[in-house]
Amino acid sequence: MDFSQQLTQYLLSGLATGAIYALIGIGFAIIYNSTGIINFAQGELVMIGGMLGVYLLERWQVPLFLAVLLAIVGTACVGVLFERLAIRPLRQPTPLSLVIITIGGSILLRGIAMLLWGKDTHALPSFSGDAPLAVAGATLLPQHLWIFALTILLITATKLFFQYTITGKALRACAVNRRAAGLVGIDVRRMVLFSFFISAAIGALAGIIIAPLTMTSYDVGIMLGLKGFCAAIIGGMSSGIGTVLGGILLGILESLGAGLISSGYKDAIAFIILLLILFLRPQGLFSRGESERV
Amino acid sequence: MRREWFKFALYALIVLLAPLCVNGGYLLNVLVFVGINTLLAVGLNLLLGFAGQISLGQAAFYGLGAYGSGVLTASYGWNPWLALVAAALTVGVLAFAIGFPILKLKGHYLAMATLGFGIIVFIVFNEYVDITGGPSGLPGIPNLTAAGMTFDSDLKNFYLIWAVVLTVVLLAINLVHSRIGRALRAIHDSEVAARVLGVNARLLKVQIFTCSAVISCIAGSLYAHTVTFISPASFGFHFSIELLTMVIIGGLGSIYGSCLGAALLTLLPEMLRTFQDYDIVVYGFLLVAMTMFLPGGLVQGGGLLLSQLKRLWPGRGGNNA
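The listed protein sequences correspond, in order, to chains H and Z. Numbering-wise, the numbering used here comes out as the position in the first sequence, counting from 1, plus 64. Numbering-wise, the numbering used here comes out as the position in the second sequence, counting from 1, plus 246.
Quick caveat, the hints were computed from the structure, so don't treat them as lab data. Check each hint, because a few of them may be wrong.
Cβ-to-Cβ under 10 angstroms is the rule here; a few derived chain H residues that face chain Z [what the hints assert, rightly or not]: (1) Ile164; (2) Asn241; (3) Ile297; (4) Gly328.
Each residue gets a CB set at the ideal place from its N, CA and C atoms; glycine is no exception.
Next up, chain H with everything else stripped away, as it sits in the complex:
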């Protein structure tokens, strides 16, 4: 394999992981925009999506696509429960208490997952076989295509949802100004609950579609969550194209770094980028001044 082929290979696999980071990042952004909370438990929801999928498939022999669907719905319910049980009852939410409670919640979810499903690493079967395809000298798995397709589909769907449906518009109103949104009759608390529902569902999907490639276990949530957060930060916490570009940029840099520099430091790359962005351009790479929300 010559260098250009190698490069294509890195780009393609970076694109696929980048798409996953983008989805997770969008989950962060949706909750952040409607509540001002960075949900530390987002990564755990991604893990729960994958693990629930594996569990349904292995233990109950549910057909693959039904298992995927059920896992997404189940995770979304976990997200809703999390909001109802941990976030909403907080009497005087301060930024510090919200940080601590979402961290506590994420540890709790991870612990429960460990108790329920054990410490083993599981793999979900690929959605449509493992026969590799050759693209410009590089190999591509069918699962990569699924990831690309589902990511594009989901991002288009969220865009349309925020643009054209009444609930989507209400969520955007909450993002601009929660009090004003309340004044024009939007049920802000329901919107907050709903934003947890959507981002848990998106996170779960991300967790499921990556599981056939990278395996999944009870402790994958923290890394995936942090990298998704990194994507969202690069994108300036928008739930649109900014975060998608952020995720893809991160995925490709990571894959190039792992391939060309050192695979051991692969994970460090994401965090160095995260720190640099936070230090130098906390509003994100693609926005000028006040970043666009939702």
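Please build the complex by placing chain Z on the supplied structure of chain H, with the hints as guidance.
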């Protein structure tokens, strides 16, 4: 002030008498770790409880102290005390340097940035095998020595480490009752208001961050010389969360609260052997439950309970009379 001295004397007395109450060598060993964790929790509480700035990267400074001391003594044959001071100075400079950009961030962003820093350091411990020994660890770290005595038994280490702990607790109590302590609390309540009143909030936040990093670093050095073998697993994200739980349980902004939290979270898992696998569930639950129901921690909870009892007491006395 006299009350503070009384409280400190009481705490010191409990600490000094503790080895007499445990007859087993094993429990004494656990008490040594209570001391190390108390140092770490007090250091974090100065930052989190008083200045209101969260750090999820404390384990990184702790690890840098341990690896600094470990590598300098085991691989390069430095004097352990010199290595401890060198590590503390280096970490101090590092914390001061990254403190300025990192503490510009607030709330969730600060948490994420410190967490990211912690993970980078953790990855370096694992990957820089030539220096750190990688995941399999770094053996052969010598014990500390002083005046011809080697600190090689649990009892000797107990007194050494708790002497450091008591000094740090005393300094911390002094600090929080000084002008600086009041300025820190002012930053916690409102940074803008504190700045209006002439507090140099940015510098002060960085200074307290550095201070807590150096305390963690010293704790790390002491840990390395006590156990004589270190591996990256002790300095991961999980340990930062454990420290956070200690501080939250004890009570934000209470030095003795952190002492209590550190003691509880170090002793409990040792007492309940079955606890082992459930510890992350318990930490998560404690963090959520404490934040929801008892944001002031056990110390405040105890105070509330006491005042409730006091209110009940004369009432009951009145009925009887």
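Hint by hint, here is what the structure shows:
1. Ile164: Interface hint status for Ile164/H: holds (5 angstroms vs cutoff 10 angstroms).
2. Asn241: 19 angstroms, violated
3. Ile297: 8 angstroms, holds
4. Gly328: OK, holds: Gly328/H within 10 angstroms of chain Z, min 4 angstroms.
When held up to the earlier numbered hints, the structure conflicts with hint 2 and nothing else.
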